[in-house]
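> Throw the hints in and build the complete structure from the sequences for me.
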Amino acid sequence: MIPGVLNMSRVIFHELRDLADALNLVLSLVNTLPTEIVSIKRSLGRILAEDIRAPISLPPFDRSSVDGYAVRSPDIASADEHKPIKLRLKGHVKVGETPRLEVNDHEAIEVDTGAAIPPGADSVVMEEYTSRENENTIIVYRSTSPGENVFYTGTDVMKDELVLTRGTRIGIKEISILSSLGINKVKVYMKPRIAIISTGRELIPPGSSYVPFKIYDTNSYMIYSFLTTLGCHAEILGIIPDDYDKLSSSIMKACEFYDLIITSGGTSAGKEDIVYRVLNDIGNIIVHGLRTRPGKPTLIALVNKKLVIGLPGHPVSAFMIMHVLVRPIVLKMMGCRRLNYPYIRAKLSRKLVLRKGYLNIIPVALIRVNDGFIAYPTFKGSGLLSSIIPADGFIEVEGNKEFLPANTWVEVKLFSDKISLPDLTFIGSHCLVTDKILSSLEMKGFLIRRIYVGSLEGLKACIRGEADIAGIHLLHEDSGQYNVPFIKLYGAEDKVVLIRGFKRRQGLVVAKGNPKSITNLKDILTRNDIRFVNRNKGSGTRILLDILLRSICKEEGIDFNSAIKRIKGYSWEVFTHTAVASAILHGKADVGIAVEYVARLMSLDFIPIAVEQYDYVIPRSKLSTKPVQQFLAMLKAIKNNLRLPGVEFTEDSGEIIEI
0 MIPGVLNMSR VIFHELRDLA DALNLVLSLV NTLPTEIVSI KRSLGRILAE DIRAPISLPP
60 FDRSSVDGYA VRSPDIASAD EHKPIKLRLK GHVKVGETPR LEVNDHEAIE VDTGAAIPPG
120 ADSVVMEEYT SRENENTIIV YRSTSPGENV FYTGTDVMKD ELVLTRGTRI GIKEISILSS
180 LGINKVKVYM KPRIAIISTG RELIPPGSSY VPFKIYDTNS YMIYSFLTTL GCHAEILGII
240 PDDYDKLSSS IMKACEFYDL IITSGGTSAG KEDIVYRVLN DIGNIIVHGL RTRPGKPTLI
300 ALVNKKLVIG LPGHPVSAFM IMHVLVRPIV LKMMGCRRLN YPYIRAKLSR KLVLRKGYLN
360 IIPVALIRVN DGFIAYPTFK GSGLLSSIIP ADGFIEVEGN KEFLPANTWV EVKLFSDKIS
420 LPDLTFIGSH CLVTDKILSS LEMKGFLIRR IYVGSLEGLK ACIRGEADIA GIHLLHEDSG
480 QYNVPFIKLY GAEDKVVLIR GFKRRQGLVV AKGNPKSITN LKDILTRNDI RFVNRNKGSG
540 TRILLDILLR SICKEEGIDF NSAIKRIKGY SWEVFTHTAV ASAILHGKAD VGIAVEYVAR
600 LMSLDFIPIA VEQYDYVIPR SKLSTKPVQQ FLAMLKAIKN NLRLPGVEFT EDSGEIIEI
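Residue numbering for the sequence shown is 0 to 658, as defined by numbering that gives the first Met the number 0.
Worth flagging that the hints you see were computed from the coordinates, not collected in a lab.
Hints may be right or wrong, so weigh each one.
[As the list claims (entries may be wrong)] Derived DEER-like restraints, expressed as beta-carbon distance ranges:
#1 E160 with P73: 56 to 66 Å
#2 D558 with A19: 28 to 38 Å
#3 D528 with S602: 17 to 27 Å
#4 D17 with I658: 43 to 53 Å
#5 S439 with N183: 40 to 50 Å
#6 S570 with R41: 31 to 41 Å
#7 L622 with P644: 27 to 37 Å
Glycine included, every Cβ here is placed at the ideal spot set by N, Cα and C.
Here it is as structure tokens:
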């Protein structure tokens, strides 16, 4: 029996710890690893364990920075194109040679770039400003000043100067300076050996055939890549099912050979979440639960004096905890002096609803605007990897308020030291036609960012100048028109242009053979044996659905709000057409609304309910940019050769529509 849990098969979270407190506690227990000597050829990415002082000066001798002639500057002080000066050519010093001659009055010695400056000379006149009269005489057409075109001894680095400090990560620049100083071996901290264990009977390894209702092991490979990038020696030990004895044995064995063990999944409070019970029995749990969202079910324990970190199973939760908790711990083990993230300040693009009482860790994409950067939140849920794919970094916001207003300045901690800003940012409704155009742009070398948040958010992003292009299909209930009324509603006629796209058939997607015999949208309102999967609020599909449902309710004399509460799954929202079709394909729902080509792609049945207009919105300020012009050119070209079920291009596809 586990103390404090009573006679229960479920565990409870102990007192949630603040992230900063938990991190400080663990860092106080972590020691830097021992050191080793490695060749500079094997030092890339390693952390220096000693200060490096220059054993020699750089350059180690006075050397020429150009091809030319070593001279005494007073001898040619009056030289110009009209009154050139002749000097006796005394010899030639090549790179790597010891100068054996001295430059005396009215003499010159030829020198190569990098060659030693011979005694007596104080400057080098470039070869371009000279000519040869004969083998023993040169003509100089320009004067020099003392030291011109000469790198003096120690100009770059002086002997005994501190050039690199302990705790520095060795990169290409560091290896360059080490080799130039003649250093071929350095003392570095040993690489942490880290074991990775995924838990859960639902997991199968990537590369294996898909098994219904199983999921591929994402976290092991994410964690492995993350740690390898940091410079660790990581090893995936495989998937351990929800078996107490097997997990206990695996962790105990890993503690014998590794410096740190990271598990994934099984840290929450479910009956099958056994990581807590195992670690509580074989070690000492020091943290069970963080006051963070995502990442609450994070667990930290000591087993045989080895640190074990239990990450949540949801991929986004695990990814974010790797950044905010695991990364600084590992960097301290490696001896890295810089544990903090590089960051930039940016303005929040929109109002951000917070989880009160928690530290909100939110991935964001950075968008460059005239006065700096905009931080665009991309978080959709702790289990949705599309939350982090477009993200450049993350923000941390204390949940001591219900929301953070738009335009609030935030500190964005960057995932990388280098920001790779896109050439074109697409924000809006998901569409396969758009995907094909954007993929073609990528093949041409453009860096594209896709953020699928629905039509309404895409339109707002364009109005604010955050997106280069948005895809929208917004049906206006009163007028029955698509898209134009919404641009007028937001008073954006002068800010954006509308580009004609194409028509798409929307409909009910059901399993092959339509086993529930669903015939129309009215069925989901009147039958209680149908499970529905909905689209996210603000998407064009959701707006279309609600308009059609309200129309049916009005005809039947039913209250709309009461009716939707009876729909099983109305509150279950997904972000793309393919997510709707996937839910049907895997039996999680009986029906949903999506475009026809997605249903056909997944061999599902399709019942048409509407033909919609899918168009593109572009900020006027970005209409003439090269990526946008390329997009429009491809849109016009693709309409003549792309054939997709339920997609119809028109003569004006790709043209500006009058608003």
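> Let me make sure I understand: some of the numbered hints might not hold for this structure. Which ones are they, in numerical order?
1, 2 and 6
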